[in-house]
Amino acid sequence: METKGKAYKFGNDIDTDLIIPARYLNTSDYKELAKYCMQDVDESFTDKIKDGDIIVAGKNFGCGSSREHAPIAIKEAGISCVIAKSYARIFYRNSFNIGLPILESEEAPDKIDEGDELKVDFNSGQIINLTKNEEYKAQAFPDFIKKIIEKEGLVGYVKSKLEQGV
Amino acid sequence: MGMTMTQKIIADHSGKESIKAGEFVEMELDIVLGNDITTPVAIKEFKKMGAKKVYDKEKIVVVLDHFTPNKDIKSAEQSKISREFCKKMEIKNFFDVGQMGIEHALLPEKGLVVAGDTVIGADSHTCTYGALGAFSTGVGSTDMAGGMALGTTWIKVPGAIKVEIKGRKKPHVSGKDIILNLIGKIGVDGALYKSIEFTGEGLKDLNMDDKFTIANMAVEAGGKNGIFPVDENTIEYMKERKIKDWKIFEADEDAEYDEEISIDLDKLNPTVAFPSSPENTKEIGEVGDIKIDQVVIGSCTNGRIEDMRIAGQILKGKKVDKDVRTIIIPATQEIYKQCIKEGLAEIFIDAGAVLSTPTCGPCLGGHMGILASGEKAVTTTNRNFVGRMGHKKSEVYLASPAVAAASAIAGKIEDPNNI
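Residue numbers (this note's numbering), protein chains in the order written: chain A, 1 to 166; chain B, 1 to 419.
Chain A extracted, bound-state conformation (with noise of 0.2 Å):
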């Protein structure tokens, strides 16, 4: 699997009231919880940003409330990848679970400017930054996490769980 889009940079603790605010959490509309992905960071961030397009961000990414509104709206305003130094684990799990792919590196995020076009292979972990000409990689995938991408995500593995009579 592979994507191509347009980096947009974060910095460091972003947390999940920043991604999606309380506020907006009074529904479970995925495309209108995507209308207000990072407000209150960029009020232009989802005008902005074209599908297939990717945040990039330092330490801990998606701290604070375990919503998962936040990958939501994430993954529903056509983010199609986050690159992070590293997460909050609540904001790690959903993200595999609800199918939206986050990739892992030290490098990465020092390396890429805003507006940097970038092509990532999921499976391999290669990150390209066709704008600087570089390559970075990313942390592997832990095979656990390997069999929820296989199946799109904790649905799809509690399904088939259940169809087996598991």
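Rather than coming from a laboratory, the hints here were simulated on the basis of the structure. Here the structure is a predicted model, which means the values were calculated and not measured. Hints may be right or wrong, so weigh each one.
[Said to hold, decoys possible] Below, in silico cross-link-like pairs of lysine-lysine (BS3-like), each with a Cα-Cα straight-line distance of 25 Å or less:
(1) B/Lys392 to A/Lys9
(2) A/Lys151 to B/Lys156
(3) B/Lys20 to A/Lys147
(4) A/Lys147 to B/Lys48
(5) B/Lys47 to A/Lys151
(6) A/Lys159 to A/Lys147
(7) B/Lys52 to B/Lys20
(8) B/Lys392 to A/Lys161
(9) B/Lys53 to A/Lys159
(10) A/Lys35 to A/Lys48
(11) B/Lys74 to A/Lys35
(12) B/Lys169 to B/Lys267
[Claimed, not checked] Beta-carbon label-pair distances, calculated as ranges:
(13) B/Thr357 to A/Asp143: 43 to 51 Å
(14) B/Glu240 to A/Glu163: 39 to 47 Å
(15) A/Leu162 to B/Glu90: 16 to 24 Å
(16) B/Glu90 to A/Glu163: 43 to 51 Å
(17) A/Ala140 to B/Tyr257: 25 to 33 Å
(18) B/Glu26 to A/Gly58: 27 to 35 Å
(19) A/Gly78 to B/Lys318: 25 to 33 Å
(20) B/Gly411 to A/Asp113: 43 to 51 Å
(21) A/Asp113 to B/Lys44: 33 to 41 Å
(22) A/Glu106 to B/Glu201: 34 to 42 Å
(23) A/Ile145 to B/Glu90: 29 to 37 Å
(24) A/Asp143 to B/Gly50: 21 to 29 Å
The beta carbon of each residue, even a glycine, is placed where N, CA and C say it ideally should be.
Please arrange chain B on chain A, whose structure you already have, making use of the hints.
For chain B alone, kept in the frame of chain A given last:
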């Protein structure tokens, strides 16, 4: 190699003799929890999974506590989705307005979580039950759905940080100051993917409500959970509410810890976390002159009876500053009733505070005390992120009930020792 307390509970619930950090296991669940915000999403995903029924009607808990009593039509619709699902699935532990309290105060109070349990909750502060010697952690809605369908979940076994508590608390120091001090030391990602395991002779000086507060904010240091050994206090607390048996786990003597930290209570002073991160901590003597517009005393962190008593002691016979809106929220109906019985309700109202029905409301900027642009609040809640309690240009200072009550009187952030 030995196991930590957390690893032992996970091993016990995944049918393994021994596990180690980094391993992925499928773990059996004693409780699966959700609230009015996260449950509707879980229900959607539960249906997509093709699940027809929940794995155990007694082990699912749904509490409508965030935007309730419902603040607007959209929230009412969300509550309705949860209410109808729980009826249809015959979920026994469904708590609606009138019975509900803030989930992480309510579950222990009702005896629904005990030592040795495994709990996942679609709410990040599910880690609170570590105070009882349970393994509990926050997850998302899809995980909640999977848990409801299967009765199991996947867990990456966490490594651990050992925190040794020494000494005795000084006056006006409580669990909140201890956890803020720890987060200040290790940072908001200091315990990323790890359990925080508390030990030490100083634990004797902590009451259950101190421990609930500390375990509650383990997630604010990035922790998977925070956990306390089971002692006489824990057993006493569980006995009073007993509806099921508990099991006591202890860390092995040769358990491996990635890091060891110690906190000396003899040296700890009331602590405040400045905007906009729980790691921006300062001791009360260093805060300077910060005028405030609002005080909130409540939440899953500090809405328990000891918190109410501390606030009552300080506010008794005093008036809150006329420029400070003071909102006090006992976390459950039981605590609310106890406030009336002990005369705390009268103290709060006479002091000029409002006393609210249980709700998470203001903590996450939902309702019942939203801040305008430029306003500052001292609150006993758990997060002070940008926009957390309202406008993105408002500011939240996290503190203990003692500091919050003293600040309400003084009109600025104040040391309770000066009141």
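Structure-based check of all given hints:
| no. | hint | in the structure |
| --- | --- | --- |
| 1 | B/Lys392 to A/Lys9 | holds (20 Å) |
| 2 | A/Lys151 to B/Lys156 | holds (19 Å) |
| 3 | B/Lys20 to A/Lys147 | holds (21 Å) |
| 4 | A/Lys147 to B/Lys48 | holds (18 Å) |
| 5 | B/Lys47 to A/Lys151 | holds (16 Å) |
| 6 | A/Lys159 to A/Lys147 | holds (13 Å) |
| 7 | B/Lys52 to B/Lys20 | violated (35 Å) |
| 8 | B/Lys392 to A/Lys161 | violated (44 Å) |
| 9 | B/Lys53 to A/Lys159 | holds (13 Å) |
| 10 | A/Lys35 to A/Lys48 | holds (12 Å) |
| 11 | B/Lys74 to A/Lys35 | holds (16 Å) |
| 12 | B/Lys169 to B/Lys267 | holds (8 Å) |
| 13 | B/Thr357 to A/Asp143: 43 to 51 Å | holds (48 Å) |
| 14 | B/Glu240 to A/Glu163: 39 to 47 Å | holds (44 Å) |
| 15 | A/Leu162 to B/Glu90: 16 to 24 Å | holds (19 Å) |
| 16 | B/Glu90 to A/Glu163: 43 to 51 Å | violated (24 Å) |
| 17 | A/Ala140 to B/Tyr257: 25 to 33 Å | holds (27 Å) |
| 18 | B/Glu26 to A/Gly58: 27 to 35 Å | holds (33 Å) |
| 19 | A/Gly78 to B/Lys318: 25 to 33 Å | violated (54 Å) |
| 20 | B/Gly411 to A/Asp113: 43 to 51 Å | holds (46 Å) |
| 21 | A/Asp113 to B/Lys44: 33 to 41 Å | holds (38 Å) |
| 22 | A/Glu106 to B/Glu201: 34 to 42 Å | holds (40 Å) |
| 23 | A/Ile145 to B/Glu90: 29 to 37 Å | holds (35 Å) |
| 24 | A/Asp143 to B/Gly50: 21 to 29 Å | holds (25 Å) |
Checked against the numbered hints listed earlier, the structure breaks hints 7, 8, 16, 19; every other hint is satisfied.
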